[in-house]
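For the record, the sequence lines run as chains A and B. If you read the first sequence in our numbering, its first letter stands for residue 1049, the second for the next number, and so on. If you read the second sequence in our numbering, its first letter stands for residue -18, the second for the next number, and so on.
No lab work stands behind these hints, which were simulated from the structure alone. Some hints could be false.
[Unchecked claim] Partial selection, computed: residues in chain A whose CB lies under 7 Å from chain B:
no.	residue
1	1090
2	1124
3	1149
[Unchecked claim] SDA-like cross-link-like pairs, simulated, lysine to any residue; straight-line CA separation at most 20 Å:
no.	chain 1	residue 1	chain 2	residue 2
4	A	1151	B	-17
5	A	1105	B	90
6	A	1151	B	1
7	A	1151	B	23
8	A	1151	B	41
9	B	36	A	1143
10	A	1105	B	91
11	B	22	A	1148
12	A	1151	B	20
13	A	1151	B	21
14	B	22	A	1086
15	A	1129	B	22
16	A	1151	B	72
17	B	22	A	1132
18	B	22	A	1130
19	B	1	B	39
20	B	22	A	1057
21	B	22	A	1092
22	A	1151	B	40
23	B	45	A	1143
24	B	36	B	78
25	A	1129	B	96
26	B	22	A	1131
27	A	1151	A	1063
28	A	1151	B	26
29	B	22	A	1058
30	B	22	A	1053
31	B	22	A	1145
32	B	1	B	23
33	B	22	A	1055
34	A	1151	B	27
35	A	1151	B	24
36	B	22	A	1154
37	A	1151	B	18
38	B	36	A	1145
39	B	47	B	59
A virtual CB, placed ideally from N, CA and C, is assigned to each residue, including glycine.
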Amino acid sequence: GQNIDQPTEMTATEGAIVQINCTYQTSGFNGLFWYQQHAGEAPTFLSYNVLDGLEEKGRFSSFLSRSKGYSYLLLKELQMKDSASYLCAVRDPNRDDKIIFGKGTRLHILP
Amino acid sequence: GAVVSQHPSWVICKSGTSVKIECRSLDFQATTMFWYRQFPKQSLMLMATSNEGSKATYEQGVEKDKFLINHASLTLSTLTVTSAHPEDSSFYICSARDRRGLAGSRGTDTQYFGPGTRLTVL
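So that you can see chain A by itself, here it is in the shape it has in the complex (with noise of 0.2 Å):
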């Protein structure tokens, strides 16, 4: 079956370095997305992984390890803005490519 699992909600500080996991099991594997989503907005993408290791873009950094099934979003020197629910996503090539999400973790900022 399918499967992606991350935290329902986490919190952290403005500043600080939050880190939101997800693992995953799909019958097949094309490639790991994260998302950014507001309340009241569509997803904004915001990392593609589809080979094992770091993919660093600014202030957020994605990680990949195919062979566990896991990948985590690193968020650093938050901002109250990045307060959202962030969206783990497999592209699962048994499934004609189709992305299948996570539910969500909703990220709080507090000051």
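For this one, chain A is given, so just place chain B on it according to the hints.
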């Protein structure tokens, strides 16, 4: 990143009427577009996959006669909610697959979302 537009951004209609939502990829050609629905505080639910020049494929439980999808060109897909009912009120979001830059081992086969359409059926 790539730009995907959606129109209208919000719509209010009476029960029984039909509503058409457009999704356009503005700076790339998308052979595949996806339609999602999201209810408040819930995850994105994939409704259907729209392929240019062919029939859409629908997820289990989604009525293809109620949610008509047309992918007439490489930059445009439309979703028509026919005979809308209040329970169809939701946030509808399209997404387009950007397969540019696939050459090389680290191609960026990414998927970008439109801004969404909030449908309210009275």
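For this session: Compare the distance between the alpha carbons of residue 22(B) and residue 1145(A) with 20 Å, and conclude whether the hinted pair is satisfied.
Result: Status violated; Cα separation ~26 Å.
Exercise. Would the pair residue 1151(A) and residue 41(B) pass a check requiring their Cα atoms to be no farther apart than 20 Å?
Worked result: 19 Å, holds
Exercise. Is residue 36(B) close enough to residue 1145(A), meaning Cα to Cα at most 20 Å?
Worked result: Between residue 36(B) and residue 1145(A) the Cα gap is close to 17 Å, so the pair holds against 20 Å.
Problem set entry | Agreement of residue 36(B) and residue 1143(A) with the hint, judged by alpha carbon distance not exceeding 20 Å | 17 Å, holds
Exercise. Holds or violated: residue 22(B) with residue 1055(A), Cα cutoff 20 Å?
Worked result: Given pair residue 22(B), residue 1055(A) holds - Cα atoms ~15 Å apart, limit 20 Å.
Exercise. CA of residue 1151(A) to CA of residue 24(B), is that 20 Å or under?
Worked result: Holds - the C-alpha atoms of residue 24(B) and residue 1151(A) are around 5 Å apart, at most 20 Å.
Exercise. Are the Cα atoms of residue 47(B) and residue 59(B) separated by 20 Å or less?
Worked result: 13 Å, holds
Problem set entry | Agreement of residue 1151(A) and residue 23(B) with the hint, judged by alpha carbon distance not exceeding 20 Å | 7 Å, holds
Problem set entry | Supplied contact hint for residue 1124(A), tested at 7 Å Cβ to chain B | 20 Å, violated
Exercise. Within a Cα-Cα threshold of 20 Å, do residue 1151(A) and residue 27(B) meet the stated pairing?
Worked result: 13 Å, holds
Exercise. Within a Cα-Cα threshold of 20 Å, do residue 22(B) and residue 1057(A) meet the stated pairing?
Worked result: Holds - the C-alpha atoms of residue 1057(A) and residue 22(B) are around 12 Å apart, at most 20 Å.
Exercise. Within 20 Å, alpha carbon to alpha carbon, are residue 22(B) and residue 1130(A)?
Worked result: This hinted pair holds, its Cα atoms lying about 18 Å apart.
Hint compliance for this structure: hints 2, 4, 6, 27, 31 and 32 are not met, and every other hint is.
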